[in-house]
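Colleague: Given next are the chains, with one letter for each unit.
Number of protein chains: 6
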Amino acid sequence: MRPSGRAPDQMRELKFEPGFTKHAEGSCLVSFGETRVLVTASVEDRVPPFLRGKGQGWVTAEYGMLPRATHTRGNREAAKGKQSGRTQEIQRLIGRSLRAVVDLTKLGERQITVDCDVIQADGGTRTASISGAWVALRLAVDGLKLDVDPIEKQVAAVSCGIHNGQAVLDLDYIEDSAAGCDGNFVLTSDGNIVEAQVTAEGECYDEEGLLRLLRLARIGCNEIFQAQLKAAGR
Amino acid sequence: MRPSGRAPDQMRELKFEPGFTKHAEGSCLVSFGETRVLVTASVEDRVPPFLRGKGQGWVTAEYGMLPRATHTRGNREAAKGKQSGRTQEIQRLIGRSLRAVVDLTKLGERQITVDCDVIQADGGTRTASISGAWVALRLAVDGLKLDVDPIEKQVAAVSCGIHNGQAVLDLDYIEDSAAGCDGNFVLTSDGNIVEAQVTAEGECYDEEGLLRLLRLARIGCNEIFQAQLKAAGR
Amino acid sequence: MRPSGRAPDQMRELKFEPGFTKHAEGSCLVSFGETRVLVTASVEDRVPPFLRGKGQGWVTAEYGMLPRATHTRGNREAAKGKQSGRTQEIQRLIGRSLRAVVDLTKLGERQITVDCDVIQADGGTRTASISGAWVALRLAVDGLKLDVDPIEKQVAAVSCGIHNGQAVLDLDYIEDSAAGCDGNFVLTSDGNIVEAQVTAEGECYDEEGLLRLLRLARIGCNEIFQAQLKAAGR
Amino acid sequence: MRPSGRAPDQMRELKFEPGFTKHAEGSCLVSFGETRVLVTASVEDRVPPFLRGKGQGWVTAEYGMLPRATHTRGNREAAKGKQSGRTQEIQRLIGRSLRAVVDLTKLGERQITVDCDVIQADGGTRTASISGAWVALRLAVDGLKLDVDPIEKQVAAVSCGIHNGQAVLDLDYIEDSAAGCDGNFVLTSDGNIVEAQVTAEGECYDEEGLLRLLRLARIGCNEIFQAQLKAAGR
Amino acid sequence: MRPSGRAPDQMRELKFEPGFTKHAEGSCLVSFGETRVLVTASVEDRVPPFLRGKGQGWVTAEYGMLPRATHTRGNREAAKGKQSGRTQEIQRLIGRSLRAVVDLTKLGERQITVDCDVIQADGGTRTASISGAWVALRLAVDGLKLDVDPIEKQVAAVSCGIHNGQAVLDLDYIEDSAAGCDGNFVLTSDGNIVEAQVTAEGECYDEEGLLRLLRLARIGCNEIFQAQLKAAGR
Amino acid sequence: MRPSGRAPDQMRELKFEPGFTKHAEGSCLVSFGETRVLVTASVEDRVPPFLRGKGQGWVTAEYGMLPRATHTRGNREAAKGKQSGRTQEIQRLIGRSLRAVVDLTKLGERQITVDCDVIQADGGTRTASISGAWVALRLAVDGLKLDVDPIEKQVAAVSCGIHNGQAVLDLDYIEDSAAGCDGNFVLTSDGNIVEAQVTAEGECYDEEGLLRLLRLARIGCNEIFQAQLKAAGR
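Chains as they are written, first to last, in UniProt numbering: chain V, 1 to 234; chain U, 1 to 234; chain H, 1 to 234; chain R, 1 to 234; chain Y, 1 to 234; chain C, 1 to 234.
Okay, chain V solo, but in the shape it has when bound (with noise of 0.2 Å):
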């Protein structure tokens, strides 16, 4: 039994709020159960330095969590003078996973910054960003009216992990401080894999394991393929 009374394979209330805010040229505030990240989508008329010239753009990620999203405050990254190494391992991996999904010559001398903020955490915030990234992008590259679309497919993220020895589905806070293994999975909406990362955090886990987390993985990814067309007006 989990310790939310969730099936196995079965998410966390999915909510996407596209507009959330009203300066960023798409934006969207994305829940998974407890966990509610805020993400926008700027986008400028430059690229950075090393691809001026080379008729590109580009999508980054930055990411940030609110000092007291969490259940005890943690410090404010910008007091300390430096963003921790977790905080640039999550980013990198949303601009990799955006950027997989991006013909990036489509989208012209531009870039597009994707910032996610946790407004609280509750297990899988990195998940949680990577599909509502996408959400805000979508959002972001419509209002540029382009005449080809960049955006070639659909990008979602969901962990999963074995906790009490069984394969779940979207940990929460609770499940995830106990998981013995724990994986993020960045699909794409045509089946294929972006990235796969699965963790022993304790007990290491075989092939069959590691087979068994990619398939609940898809099934995850489906249901937020379906709510992110749906928050994107498609």
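Calculated from the structure, these hints are not laboratory results. Among the hints, a few may not be true.
All copies of an identical chain are treated as equivalent in the list; a pair is satisfied when it fits inside any one copy or across any two copies.
To be verified - In silico EDC-like links for lysine to aspartate or glutamate, alpha-carbon gap of 20 Å or less:
1) K54 to E207
2) K106 to E201
3) K106 to E203
4) K54 to E109
5) K145 to E25
6) K22 to E34
7) K230 to D190
8) K153 to D206
9) K153 to E201
10) K106 to E25
11) K145 to D190
12) K15 to E223
13) K82 to D142
14) K15 to E201
Chains U, H, R, Y and C: place on chain V using the hints.
Modeller: Relative to chain V, chains U, H, R, Y and C alone:
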């Protein structure tokens, strides 16, 4: 005529949503029109080193702005590795304002850290922060169920300025950008001043102007005091 | 009775020593009693990036305190690797105050950086800095021998506060530490206000208190204006 | 055909030189072909603050690259004043991998810090680091002459990827730069997985691809396990 | 002929103004011609962590330069967020030089921090700093009224160099910029050497050159020793 | 008797291994006994901003120490976020020493950056760095196949000091820790001095002591010059 069509002494729509996040001991999403700030109050059972063993508590504040809270995206302070002078000036002001209405001895050896994070900016983020901070602080202190109440009165803040030659209350971004002079007043519910700060931004002002702004501030703060009480369930 | 024996509306001994250092285009050692600040104004024939090609100049300020300017040694900001919030707040105020009396278009595409370094602190370092900065700026601009004078009037600053229930002018360190409320006023030689900032430090104040402090500030600034003119050879 | 002429499931030449430096409690120069990493394990009789008094030890890792380990010189991280996101991601992975095979309680209240410094880079620096780290750790723990052995099994890592449509083992720099997808597997000597991370770098992959890479990783790690034992004198 | 008209073995005008600031336990404004350095010595009743409980004291130094001490304005190190290599090299030299003449055991568990801040630079700021530091230290130690005197002798420093083929004493900025080689000598009042450092700046030098410079340094330091005694009231 | 049993004027075993790494234009692993430093010389076809368009090149150096190069592990400078004063002092010295024997005009508009990374420390890391740097530089310049040779002569460095009252050459760590005074000499192959720096570490020294150390340094450097030529294939 004000760009928003408001009367000179008219506030924007005020909204306090208490309990916006679940982990913090007190929280509140405050809106002054389109300006929205998420405020959380976090209680810890220890005080900063300079107060240890002195039998009193401490109230402090931090302030931040999400990168795309503004019209164009600003750099993330955590990524730049330091907080701007503006950020530090504001968070010092919020902390001072709250301490002016708290009896730190009655608080006991606890620290309450109030985080004000701007979700969307449209002028007056520091005054909305102070006004919302009181609500989050009130809720956090209520939760402590202390024998004596360390909060002695309410505190609220509002901006005033001279725009197109006219003294106006609660400037939004458009007015703020074009104001000849511009001030922030922090007032207490018993009619006193905690802080008055008025800066000429192109045209200097005289004694009469200062008083006119202060009178507008009283009107605005009285409206805020009512809304704070209601949000705090009093 | 004030600790120093001064009358409530009496300034400390004012001293401006122009030309204290030889390399700067303008310099001045300003003393408000035992508070001594070395001010230099440095002229450069280029403006910051945001002003390039706009046909105007810029005036900015930096502020610092020698480690042993105070009663007990403070850590050197260069060694700590960052400027405190207080330092940044003060240098922003000095810059704003000077720009309020300069026509930046008449200055031409030049930047003048005013450095205020506190040699010895005894209360009022920011107001002494602003008052001395005008002298250094005046001398530096005189040296440019421009056809039109970009400096439109004088600017000076003084602190006022309520000490032992009495409104007093130009607080020294002893008064400052014990003041119930404490403000800084930046005034121009034509009688207007550039900045008024009054903070309650334990006891709040009312409208009448604010006006009393402002009236004292006028008395103090008039004395400073005289001394500035003399120091600048006018 | 691979650029190096290797078979798809062929490792580069493996070399472990134990005792490469004399001060460290354990050390090893590990080579995966032209990739060379100097690993040292340093034992200290104290644990980080969060573990004090808990009767257990800690194993952690740091990673660095000499500025000219690469084809073109990179900036020195010490001179830039911060470690990149990539550096932090790698050193977190090394630490997690080692802790997966150590019983921290049996280690006692000691910290072992493993430093992996890349002398020469030609692809696979993180997997060479993990593989060499086990040898340095083994030697350092041997030197402690503990009654019980805190190291429960071996851990090794290798990269795999899809290059020119073919799944290949232990990518060198040329393959790595052109791989369609690219992963790192950390395996234990009893056949389990500690960490699997596979990233699409242009072309996404499916379940079958993931398994093919995992199978290659097993081949590579088995070869590494043999070499580790020999280097550690077992 | 030297640019200043001085004889090769002639110092610039030396001036020590003891007690220049009032808060420091010892202070001195030292001038070597136009080079002026404000030195303060601050006594604290605690030692750095590495000396705790060892029954001895510590003497350390910090060095800084006001932004406009030089011909063109330099960036403020506090604003840049780090001290330059030159600054650190100089402050280490000052500390070493002072410790060479102090018996740290006789000082007791105290730290004396000597701050040398350059008000105006015209060559020789480090040698003026060391020479003035002895006076500030002497005054601070006198104030402690210890039973035994921890200061065993005097220490002074002077620069020498080869300018236009001629060995000269106490280089000013013009000579320093054009010197073929350039050194700093730190000597004690009993005729020994604490530190000799001579650097070729374009033309290398030989043994004979080194000795010529050392002989000049003796002449200069003897003059400084006299002036120090007088300034310290001995 | 020296702890190592060496004669007072006897160097430790010298070893230069040219071409130790493959990417750098020039490289060398230099050993002075147990002190081992990896030196690489990297050539870039651009010069730093202050030299652009001046028709000359630049030679600069950086220095680092692997965390466990020493007896006890030191903190990684990249993790601490800044280079120590000692590191900066050493890398400035290495750069100056190399530039003393290079005609920068003949080098053309190129920058050569020499990285000296200490693999294992046993006293004399800075002198081994300088001596090895010349070899790496020589190899890098040879690879450029220039018409004129910008390297005018050899440069080498060695430490000397007074240990147990005896002047000794090339101190190892044990001697260095106990030396009464301790110096570094940088000499050129035509018998001149680039830099002499001698510091008293407890006992001051006199003119005669300085000369004795210099004579030892000549003996050591002559041996180094021979070994450098052989390593560079000359």
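Colleague: Next, verify each hint and record whether it holds.
Modeller: Structure-based check of each hint:
{"no.": "1", "hint": "K54 to E207", "verdict": "neither (42 Å within a copy, 34 Å between copies)"}
{"no.": "2", "hint": "K106 to E201", "verdict": "between (41 Å within a copy, 18 Å between copies)"}
{"no.": "3", "hint": "K106 to E203", "verdict": "between (45 Å within a copy, 17 Å between copies)"}
{"no.": "4", "hint": "K54 to E109", "verdict": "within (8 Å within a copy, 27 Å between copies)"}
{"no.": "5", "hint": "K145 to E25", "verdict": "within (12 Å within a copy, 45 Å between copies)"}
{"no.": "6", "hint": "K22 to E34", "verdict": "between (23 Å within a copy, 9 Å between copies)"}
{"no.": "7", "hint": "K230 to D190", "verdict": "within (17 Å within a copy, 47 Å between copies)"}
{"no.": "8", "hint": "K153 to D206", "verdict": "between (31 Å within a copy, 16 Å between copies)"}
{"no.": "9", "hint": "K153 to E201", "verdict": "between (33 Å within a copy, 16 Å between copies)"}
{"no.": "10", "hint": "K106 to E25", "verdict": "within (18 Å within a copy, 40 Å between copies)"}
{"no.": "11", "hint": "K145 to D190", "verdict": "neither (24 Å within a copy, 55 Å between copies)"}
{"no.": "12", "hint": "K15 to E223", "verdict": "within (11 Å within a copy, 35 Å between copies)"}
{"no.": "13", "hint": "K82 to D142", "verdict": "neither (34 Å within a copy, 35 Å between copies)"}
{"no.": "14", "hint": "K15 to E201", "verdict": "neither (29 Å within a copy, 30 Å between copies)"}
Against the hints set out earlier in the document, violations occur for numbers 1, 11, 13, 14.
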